[in-house]
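We have chain A already, so just place chains B and C on it with the hints.
Listed below are the residues making up each chain.
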Amino acid sequence: MNARRASRVLLLAALSLAPALQAAVLPEDRADVLYHRYDGGGVTIDGPSVLVRKSFADKVSVSANYYVDMVSSASIDVVTTASPYTEKRTQKSLSLDYLRNKTTYSLGYIDSTESDYIAKTAFFSVSQDMFGDLTTISFGFRRGQNDVFRNIKDASGARIRDPAFQAESDTRSYSFSLTQVLTRDLVGTLAYELMSDEGYLNSPYRSIRYADATAPMGFLLDPERYPATRTSNAASARLKYFLPWRAALDGRYRFYSDTWGIRAHTGDLGYTQPLGGSWTFDARYRYYTQDAADFYRDLFPRRNTLNFQARDKELSTFTAHTIGIGASWEFRVQRLPWLQKGSVSARFDHMIVQYDDFRDITRGTSAGAEPLYELEANVLQLFVSAWF
Amino acid sequence: MRDNRLRRHARLLWLVTPVASLLGGCAPIEPWVKPYERERLADPIMAFERDPVSTAYIDHVFESREGARGGTGAAGGGCGCN
Amino acid sequence: MPYRPTTLRQTAPVARLARLVALALAAVPPLTLVTAEQAAAKVAANAPAPDFTLAARGGQHLSLSQYKGQVVMINFWATWCGPCRQEMPLLDAMYQKYKRMGFTLIGVNVEPDSKAAEEYLKKVPVTFPIAFDPDSSVSKLYAVQGMPSSVIIDRKGNARVIHKGYRPGDENVYLDHIRSLIRE
Numbered sequence: 038m039n040a041r042r043a044s045r046v047l048l049l050a051a052l053s054l055a056p057a058l059q060a061a062v063l064p065e066d067r068a069d070v071l072y073h074r075y076d077g078g079g080v081t082i083d084g085p086s087v088l089v090r091k092s093f094a095d096k097v098s099v100s101a102n103y104y105v106d107m108v109s110s111a112s113i114d115v116v117t118t119a120s121p122y123t124e125k126r127t128q129k130s131l132s133l134d135y136l137r138n139k140t141t142y143s144l145g146y147i148d149s150t151e152s153d154y155i156a157k158t159a160f161f162s163v164s165q166d167m168f169g170d171l172t173t174i175s176f177g178f179r180r181g182q183n184d185v186f187r188n189i190k191d192a193s194g195a196r197i198r199d200p201a202f203q204a205e206s207d208t209r210s211y212s213f214s215l216t217q218v219l220t221r222d223l224v225g226t227l228a229y230e231l232m233s234d235e236g237y238l239n240s241p242y243r244s245i246r247y248a249d250a251t252a253p254m255g256f257l258l259d260p261e262r263y264p265a266t267r268t269s270n271a272a273s274a275r276l277k278y279f280l281p282w283r284a285a286l287d288g289r290y291r292f293y294s295d296t297w298g299i300r301a302h303t304g305d306l307g308y309t310q311p312l313g314g315s316w317t318f319d320a321r322y323r324y325y326t327q328d329a330a331d332f333y334r335d336l337f338p339r340r341n342t343l344n345f346q347a348r349d350k351e352l353s354t355f356t357a358h359t360i361g362i363g364a365s366w367e368f369r370v371q372r373l374p375w376l377q378k379g380s381v382s383a384r385f386d387h388m389i390v391q392y393d394d395f396r397d398i399t400r401g402t403s404a405g406a407e408p409l410y411e412l413e414a415n416v417l418q419l420f421v422s423a424w425f
Numbered sequence: 307m308r309d310n311r312l313r314r315h316a317r318l319l320w321l322v323t324p325v326a327s328l329l330g331g332c333a334p335i336e337p338w339v340k341p342y343e344r345e346r347l348a349d350p351i352m353a354f355e356r357d358p359v360s361t362a363y364i365d366h367v368f369e370s371r372e373g374a375r376g377g378t379g380a381a382g383g384g385c386g387c388n
Numbered sequence: 787m788p789y790r791p792t793t794l795r796q797t798a799p800v801a802r803l804a805r806l807v808a809l810a811l812a813a814v815p816p817l818t819l820v821t822a823e824q825a826a827a828k829v830a831a832n833a834p835a836p837d838f839t840l841a842a843r844g845g846q847h848l849s850l851s852q853y854k855g856q857v858v859m860i861n862f863w864a865t866w867c868g869p870c871r872q873e874m875p876l877l878d879a880m881y882q883k884y885k886r887m888g889f890t891l892i893g894v895n896v897e898p899d900s901k902a903a904e905e906y907l908k909k910v911p912v913t914f915p916i917a918f919d920p921d922s923s924v925s926k927l928y929a930v931q932g933m934p935s936s937v938i939i940d941r942k943g944n945a946r947v948i949h950k951g952y953r954p955g956d957e958n959v960y961l962d963h964i965r966s967l968i969r970e
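Protein chains in written order, with this note's numbering: chain A, 38 to 425; chain B, 307 to 388; chain C, 787 to 970.
So that you can see chain A by itself, here it is in the shape it has in the complex:
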């Protein structure tokens, strides 16, 4: 619906296709079929993600992903200011990795389509191993171009595109990472990403509210107005440690800030424990906190208070805790010699988000005094993987 979607697309695709690099070897050939499901805040989003990676002549690795989000129900934003909806987003991506000595060159393209948003992204990255393969430096560039539309209902009540509305946005991202083997048991990464969006960056459906004593609910609506540009910086540090009994501990911190005034801190902690040769268990905790955008208010004091105005809860001040567990079972099939190994995995995450300046107007009392919104969501992943 907006440029955030664009950056989401970039990240999702780039992550699924970016080689999980193991120094100067290409990533493994594998195929994964995933079922994903998100339930929270009155929204259910589920669908498949199929990822296939195959290498050729040990020089080139090709990866393709087909991903679908089927959205149903209405989120709190939409509940209060628009109507419930169902939506389907399809994303297809393709990437190529070329390995030459210690350098890996990657090129990829992602296409994401839904009824009111089309995002096309291209990315390129170079990764270099050095210092006896202890250090890996990587540079990446991504460019996305997005077309934003608006769905409306025609005379018969069917959903169509509003012919009077079309907008564009452009996203550019520059990333750098340095991975360093620190000891036989410890590896660390520093990563930095600069993202720059310009164009139509808000949602054609969302509104803000401003106080009006004469209005029946104590407030009136006005469309969002966002700046035409957004530049962000994100820097992270990550460490992964091998525990002597064969387990892994993973910690990461990310700092984020952008020109909209959002400042966020993310902390992740993960633990991986293999058991009995075939099983691997994971547990993770994630902490996220952010400060609201400068032009965000839950309730503006009057009309046109600021040049820009937003009431998107994703731009508000909030804290999110996520705990997750996962289990994976590896197997081999004797009858299929081409199958090196297979696995069945399940992951479950529970998110608790507490908003500090976004109020739940479905539980409205008086404008500005409604209880603060809290969101709890469950995320499920089930997938089967095959290595060949």
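It cannot be assumed that every hint is accurate.
If you only want the chain A side, here are some residues facing chain C, beta carbon under 10 angstroms, derived [stated by the list, open to error]:
1. A61
2. D95
3. K96
4. A101
5. S110
One-sided excerpt, in silico: chain C residues whose CB lies under 10 angstroms from chain B [claimed, not checked]:
6. V896
7. K901
8. D919
9. S922
Using C-beta positions, here's what the derived DEER-type ranges look like [what the hints assert, rightly or not]:
10. A:V97 to C:Q846: 39 to 47 angstroms
11. C:A902 to A:K157: 44 to 52 angstroms
12. C:P954 to A:K157: 31 to 39 angstroms
Read the hints as simulated data drawn from the structure, not as lab findings. In this text, a Cβ means the ideal position worked out from N, Cα and C, and glycines have one as well.
Frame of chain A, contents of chains B and C only:
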């Protein structure tokens, strides 16, 4: 206007040149983890991303609900083979 | 109301700087390859290959000196190394073909715990001798700089070829060297 751009680019060279020469020119430090000592780092549980299909999805879940985006890339580690 | 986006030029000079840095540093790969080459040159070729004795698969001990007079290829490998596993069957084929012509291959497993290697060899058997180097003494002796590494030693006991890594097609390089050394 032109002067400013040139000055900015010159400043860029100050940044790039020492970094590039450091990476390319001198190699007096010997790698302290030998190639034959990378057994634990090569263990699949030590990969930053064991299941890319899953990592991509969960990162998307977070990014689509939060204001922050990016800055999470990692490449490297592992067996260091070839 | 018509929408006119402002351009990147006006609003993100930092982005342009970053782009320039990224392009400039894409020049890094050619520079860093020099380091790898320089490092490889440090490992001496045409010098006598150091002798060693290691515990071998099957229980006995194995010494390099017992193969003097033959062309010997020492292959440093580990079960956790993908390219190592890839070349194992090819090395076995090479050994089978040339062992009667005065060639032998020693697979030196560099893992601290030999159990993984034993289990791997049960599933993927090879016929050439395997030695275990759990404390990395031989790896250090031969200054192993990559996994896998192969050292080809001539009949006089000099290390003639040091080959780092394995990529498909390298087996032909090995064969060329072995054939020429057998003929000497």
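So, going through the hints one by one against the coordinates:
1. Taken as an interface hint, A:A61 checks out: its beta carbon lies about 8 angstroms from the nearest beta carbon of chain C, inside 10 angstroms.
2. A cut of 10 angstroms between beta carbons decides the hint on A:D95: the least distance to chain C is about 5 angstroms, and the hint holds.
3. Because the beta carbon of A:K96 sits about 8 angstroms from the nearest beta carbon in chain C, less than 10 angstroms, this interface hint is met.
4. At a threshold of 10 angstroms, the smallest CB-CB gap from A:A101 to chain C is about 22 angstroms, leaving the interface hint violated.
5. Violation of the interface hint for A:S110 is found here, the shortest Cβ-Cβ separation to chain C being roughly 31 angstroms, above the 10 angstroms cut-off.
6. The closest approach between the C-beta of C:V896 and any C-beta of chain B is roughly 4 angstroms, which is under the 10 angstroms cut-off, so the hint is satisfied.
7. For C:K901, the suggested interface contact is broken, since its CB lies about 12 angstroms from the closest CB of chain B, more than 10 angstroms.
8. Restraint check, C:D919 versus chain B: the minimum CB separation of about 8 angstroms is within 10 angstroms; hint holds.
9. Annotation: C:S922 was flagged as interfacial toward chain B, and the flag holds, the nearest CB pair being 6 angstroms apart, inside 10 angstroms.
10. The beta-carbon spacing between A:V97 and C:Q846, approximately 44 angstroms, falls within the hinted interval of 39 to 47 angstroms.
11. Between C:A902 and A:K157 the C-beta distance comes to about 46 angstroms, which sits within the given range of 44 to 52 angstroms.
12. Taking 31 to 39 angstroms as the suggested C-beta distance range, the pair C:P954 and A:K157 conforms, at roughly 35 angstroms.
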